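With chain A held as given, fit chains B and C with the ligands onto it using these hints.
Chains as they are written, first to last, in this note's numbering: chain A, 308 to 807; chain B, 916 to 1013; chain C, 11 to 514.
In short, the hints are calculated from the structure, not lab data.
Please read these numbers as outputs of a predicted model, since none were measured by experiment.
It is possible that part of the hints are untrue.
Stated by the list, open to error - Partner residues aside, some chain B positions facing chain C, computed with beta carbon under 10 Å:
{"#": "1", "residue": "G918"}
{"#": "2", "residue": "S920"}
{"#": "3", "residue": "Q921"}
{"#": "4", "residue": "P936"}
{"#": "5", "residue": "K945"}
{"#": "6", "residue": "H970"}
{"#": "7", "residue": "V977"}
{"#": "8", "residue": "E980"}
{"#": "9", "residue": "S986"}
{"#": "10", "residue": "Q991"}
{"#": "11", "residue": "L993"}
{"#": "12", "residue": "P997"}
{"#": "13", "residue": "R1003"}
{"#": "14", "residue": "F1004"}
{"#": "15", "residue": "L1010"}
A virtual CB, placed ideally from N, CA and C, is assigned to each residue, including glycine.
One letter stands for each residue in the lines below.
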Amino acid sequence: MSDLIRKDASELAGLVSSGEVSAVEVAQAHLDRIAAVDGEVHAFLHVDTEGALVSAAAVDAKVKAGDKLSVLAGVPLGLKDILATNGLPTTCGSRILDGWIPPYDATVVTKLREAGVVILGKTNMDEFAMGSSTEHSAFGPTHNPWDLERIPGGSGGGSSACVSSFEAPLAIGTDTGGSIRQPAAVTGSVGVKPTYGGVSRYGIVALASSLDQAGPCARNVLDTALLHSVIAGHDPMDATSINAPVPDVVAAAKRADIKGMKVGIVKELGGEGYQAGVRSRFEESVALIESLGAEVVEVSCPSFPAALAAYYLILPSEASSNLAKFDGIRFGNRVGDDGSKSVEQVMSETRAAGFGSEVIRRIILGTYALSAGYYDAYYGQAQKVRTLIKQDFDAAFAKVDVLISPTAPTTAFKIGEKLDDPLAMYLNDVATIPVNMAGLPGMSLPIGLAPEDNLPVGLQIIAPAMADDRLYNVGAAIERELLAKWGGPILGMAPELAGA
Amino acid sequence: MSGISQEDVAHLARLAHIDIPADQLGHYAKQLDAILNAVAEVSSLDTANVAAMSHPVPMTNVFREDIPGVSLTAEQALSGAPAVEDERFRVPRILDEE
Amino acid sequence: MVEATMNYDEAISKFDPVLGLEVHVELGTNTKMFCGCSTVFGAPPNTQVCPVCLGLPGALPALNKIGVESAIRIGLALNCEIAEWCRFARKNYFYPDMPKNFQTSQYDEPIAFEGYLDVEIDTDEGRKTFRVPIERAHMEEDTGKNSHVGGATGRIHGADYSLVDYNRAGIPLIEIVTKPITGTGKYAPEVAKAYVAALRDILRGLGVSDVKMEQGSLRCDVNLSLRETPESKLGTRSETKNVNSLRSVERAVRYEVSRHAARLAAGDTVVQETRHWHEDTGISTSGRAKSDAEDYRYFPEPDLLPIAPSREWVEELRAALPENPAVRRARLVADWGLSEIDMNTVVNSGALDLIVEAVDAGVDPAAARKWWTGELSRIANDRGIELEELPVTPAHLKRLEELISAGSLNDKLARQALEGVIVGEGDIDEIVKARGLAVVSDDGPLLAAIDEALAADPAVAETIKSGKLAAAGSVVGAVMKATRGQADAARVRELLFEKLGVSE
Ligand SMILES: [Mg+2]
Ligand SMILES: [Zn+2]
Chain A
308 MSDLIRKDAS
318 ELAGLVSSGE
328 VSAVEVAQAH
338 LDRIAAVDGE
348 VHAFLHVDTE
358 GALVSAAAVD
368 AKVKAGDKLS
378 VLAGVPLGLK
388 DILATNGLPT
398 TCGSRILDGW
408 IPPYDATVVT
418 KLREAGVVIL
428 GKTNMDEFAM
438 GSSTEHSAFG
448 PTHNPWDLER
458 IPGGSGGGSS
468 ACVSSFEAPL
478 AIGTDTGGSI
488 RQPAAVTGSV
498 GVKPTYGGVS
508 RYGIVALASS
518 LDQAGPCARN
528 VLDTALLHSV
538 IAGHDPMDAT
548 SINAPVPDVV
558 AAAKRADIKG
568 MKVGIVKELG
578 GEGYQAGVRS
588 RFEESVALIE
598 SLGAEVVEVS
608 CPSFPAALAA
618 YYLILPSEAS
628 SNLAKFDGIR
638 FGNRVGDDGS
648 KSVEQVMSET
658 RAAGFGSEVI
668 RRIILGTYAL
678 SAGYYDAYYG
688 QAQKVRTLIK
698 QDFDAAFAKV
708 DVLISPTAPT
718 TAFKIGEKLD
728 DPLAMYLNDV
738 ATIPVNMAGL
748 PGMSLPIGLA
758 PEDNLPVGLQ
768 IIAPAMADDR
778 LYNVGAAIER
788 ELLAKWGGPI
798 LGMAPELAGA
Chain B
916 MSGISQEDVA
926 HLARLAHIDI
936 PADQLGHYAK
946 QLDAILNAVA
956 EVSSLDTANV
966 AAMSHPVPMT
976 NVFREDIPGV
986 SLTAEQALSG
996 APAVEDERFR
1006 VPRILDEE
Chain C
11 MVEATMNYDE
21 AISKFDPVLG
31 LEVHVELGTN
41 TKMFCGCSTV
51 FGAPPNTQVC
61 PVCLGLPGAL
71 PALNKIGVES
81 AIRIGLALNC
91 EIAEWCRFAR
101 KNYFYPDMPK
111 NFQTSQYDEP
121 IAFEGYLDVE
131 IDTDEGRKTF
141 RVPIERAHME
151 EDTGKNSHVG
161 GATGRIHGAD
171 YSLVDYNRAG
181 IPLIEIVTKP
191 ITGTGKYAPE
201 VAKAYVAALR
211 DILRGLGVSD
221 VKMEQGSLRC
231 DVNLSLRETP
241 ESKLGTRSET
251 KNVNSLRSVE
261 RAVRYEVSRH
271 AARLAAGDTV
281 VQETRHWHED
291 TGISTSGRAK
301 SDAEDYRYFP
311 EPDLLPIAPS
321 REWVEELRAA
331 LPENPAVRRA
341 RLVADWGLSE
351 IDMNTVVNSG
361 ALDLIVEAVD
371 AGVDPAAARK
381 WWTGELSRIA
391 NDRGIELEEL
401 PVTPAHLKRL
411 EELISAGSLN
421 DKLARQALEG
431 VIVGEGDIDE
441 IVKARGLAVV
451 SDDGPLLAAI
461 DEALAADPAV
471 AETIKSGKLA
481 AAGSVVGAVM
491 KATRGQADAA
501 RVRELLFEKL
511 GVSE
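Extracted from the complex, chain A is given alone in its bound form:
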């Protein structure tokens, strides 16, 4: 196996632009890796061998011609299968979209293509991004490279797993309640949910429109920042896109200096319900942050305990409406149209057959929460809780520069362990959800292995809206110390996959 697959994205981009290695070689090395190990990992739903090699060759032609290249030209990437890709299947992990090929590209995809990033294929996910384990994919679960019997997190488990199994140095995820950060935490990778409105949502199949945000996944902070800088920015196709300069996340990742910063520990995100090893690694990080010259204080966000409940009203409500368009009329699969049935009947059979049980559960819940007579008590009340959460954050950021917490309460659990217990599954996102509710940026950074199970633990860093650069500064400062302590990247401690 080529050693190209172990290299960082920034390193690969340098090798390609200097002509030392061709982008085609880099792409082929990763395609070979996928061929070797994805049978076990199942990070990809669709591998676009030809498309990847063609776009890599285009980068090589630019190198030859001496054209200016973007910071990630020639670097391979896995794309969560929730982003529309012109000419490439887009399934959202659902049977209802099996075989659908969009006639257009999401704005993020357009930006990636323009930057010469080589799209290897589409990565696995919980159906319509509903889940925290990628077990709800209609096409089978993805396996955690640290332990193939465990989940890689969700909904973007394919993206975190492809990065942590060295199938791709970069991936795009989407995060509605933690779907980038929680998978990053349980796979020992880095994931960032940017400020809401920082990255265009155009072409990203909506789960909950007011919460969704796409973001970068990688194996280190600098690579994550580079990818962030490529996909962020204003898009007139997305009305909620912020028309302001993108914070300089790359410079922040290089700065890595937190001396004199004030860091707040969110009292409500930790303690009871959090695994012992998660807590001990978190406490070590706090000590590390202090040792770097930052002041750490505890802050209280009293509304956070209600965030999970509010989230599980807002998300299903918006999702029930967003998913109404999946009816087998204009795209996707149709079921039961034998010529005798009405369109209503065919739509209903199509949706029953095309959606998995978690999707149906949430659509029914959302339909209930929005229906006449219940709106005020459920959806309306949840939106007010959202305001309270935002106020808690505002008060906290009046005192500190960033907030920290564990990313997820536990390390990766076993596949099947929580599948039939939706409420237990929902608890995985308890620490990540408040960030989405307020539209803030958040990062998950690997901070070591839990002693009891030798599985990765993530630290969540939260910044105010449009201060995404702070995440990278803080993350890079901690990362530098940890790399020195570990003597290399955390993923070097992961077991070799059999195929390798």
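Chains B and C with the ligands only, in chain A's frame:
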């Protein structure tokens, strides 16, 4: 606050156009009931003077100029459709006009 | 099933009608409400669609500024207040012509609200003004179009399947809803018609829509209920859809009054339901009853941000509003010295704006009116086109009138010149020159033509001399024919009488 019956699930499924088999209604009712009990917590907070938040970004008046952009061709538009006839999307018979 | 009806006069003597009108206007913007697709009518199916208006997964709406501006202008023209802050909402229901299975609409936060429109109708006591209270005008989007295949009728019932064209999906609509209109008594049908007509004039004057009812760019739903007396509480209403001509508005109100009255008089209740109007038979039939399926689960559209029109913007738009059509009409009647009846003829011919344009360019009002309601209306009618589509400009009419008053063109030649304009032969002077259109003022050729005509009909000279001057008409006609209309008929007559030694 909740107490979801099988009939409730059947009604919601009709609204949502999902054909849930009768023998699964009870299963969904039980799970929804549990979830609703868990989320009933939202009512525990005092929100008397709190405004609802529909959008996480505090922006208004985001407009587009009235200038034509690029449309799809009919072929592209119809490319993903399960049934097509005469450059149109073919759908099963419609019971009543809105 | 045809339902029982009661004679209208009898119905009105027993019950007090309460009207409500919902009008949907398709805006004439270049692009759709939430995407850049064209709105031009009549394009091949599914060629004016994109991921947004097809509701493809991932697509997002982007709001058309002119759509919002038009909504505000309509609100202002209808004397409404303009919201300082409002949002779009999603109206959730499944229908195959609605790509997202929700309509992006406004719910409890319309952009314009609390207005009115005054309309005038003829009553037994002369012309009278009724004030129609307007509840709201809000923004939404249109649906696609279904066509039904199979079955005997091509209609929805009995069809085997349907075909959907989404070109119309996403075209901006403004829905204008009245409050219950009370106090019309027996004039309910006339008030309804006058309201829709006045609304149409206002919308046309604003230039926000082509307001073509026959193409569906103005659509009307009529709500009606009856009550025992004006003091009783409101009765159950029916909602009649698809009332798509002014005449139908009047007829539909009349029909529903008669139908409700028959039910109530028979001790039946009126069903709250949607009904469909049938233009051909002049009756409405029952659609579906309001049911629990109509829980639209409205919630604020998360993909579109709130609209907060600045007061400066609103005042700017208010200042730029065109004159109210009713006020303008009264002014023109006075300026032009017309009777109400003449003005009706002008308005009904659809030529008002064209005449105003010509008058503004310096054409005499009477002449402008004569050309547009006369010859030009006839030509447009013959060709089956709209007056606006004729290539005749105010400059054409101005030059024509100059030539007529200079005596170098007569009426007949002027018509020939206009025909030249319509078939694209150039401007008036070019056509006059190319076609050789000029009144012959030289007496020589006229005298020769008179001689020729008299020679062809020897008896006519004696007849005229005997005092039957009317017989001169045939000679003048022959001369006109010989000169291809270029003679001045009065001069021909003068020369003829001179020659025969008779005086008029
Ligand atoms: Mg409407
Ligand atoms: Zn469009």
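Against the structure, the hints come out as follows:
1. Annotation: G918 of chain B was flagged as interfacial toward chain C, and the flag is violated, the nearest CB pair being 19 Å apart, outside 10 Å.
2. Checking S920 of chain B against chain C: minimum C-beta separation of about 15 Å lies over 10 Å; hint violated.
3. The beta carbon of Q921 of chain B is not positioned within 10 Å of any beta carbon in chain C (closest approach about 16 Å), and the interface hint is therefore violated.
4. For P936 of chain B, the interface hint is violated, since its Cβ never comes within 10 Å of a Cβ in chain C; the closest pair sits about 20 Å apart.
5. The criterion of a C-beta within 10 Å of any C-beta in chain C is not met by K945 of chain B, whose closest approach is roughly 23 Å, and the hint is violated.
6. Interface hint at H970 of chain B: satisfied, since its Cβ lies 6 Å from the closest Cβ of chain C, which is below the 10 Å cut-off.
7. Hint on V977 of chain B holds. Least Cβ distance to chain C is approximately 5 Å, under the 10 Å limit.
8. At its closest, the beta carbon of E980 of chain B sits 6 Å from a beta carbon of chain C; the interface hint therefore holds under the 10 Å criterion.
9. Taking 10 Å as the C-beta cut-off, the interface hint given for S986 of chain B holds, the closest approach to chain C being about 5 Å.
10. Interface restraint check for Q991 of chain B: the shortest CB-CB distance to chain C comes to about 9 Å, inside 10 Å, so the restraint holds.
11. Proximity of L993 of chain B to chain C holds as hinted, the smallest CB-CB distance being about 6 Å (cut-off 10 Å).
12. Given the 10 Å rule on beta carbons, the hint for P997 of chain B is violated: about 12 Å separates it from the nearest Cβ of chain C.
13. For R1003 of chain B, the interface hint holds, since its Cβ comes within 10 Å of a Cβ in chain C; the closest pair sits about 4 Å apart.
14. With a least beta-carbon distance of about 4 Å to chain C, the hint placing F1004 of chain B at the interface is held under the 10 Å criterion.
15. Satisfaction of the interface hint for L1010 of chain B is found here, the shortest Cβ-Cβ separation to chain C being roughly 8 Å, below the 10 Å cut-off.
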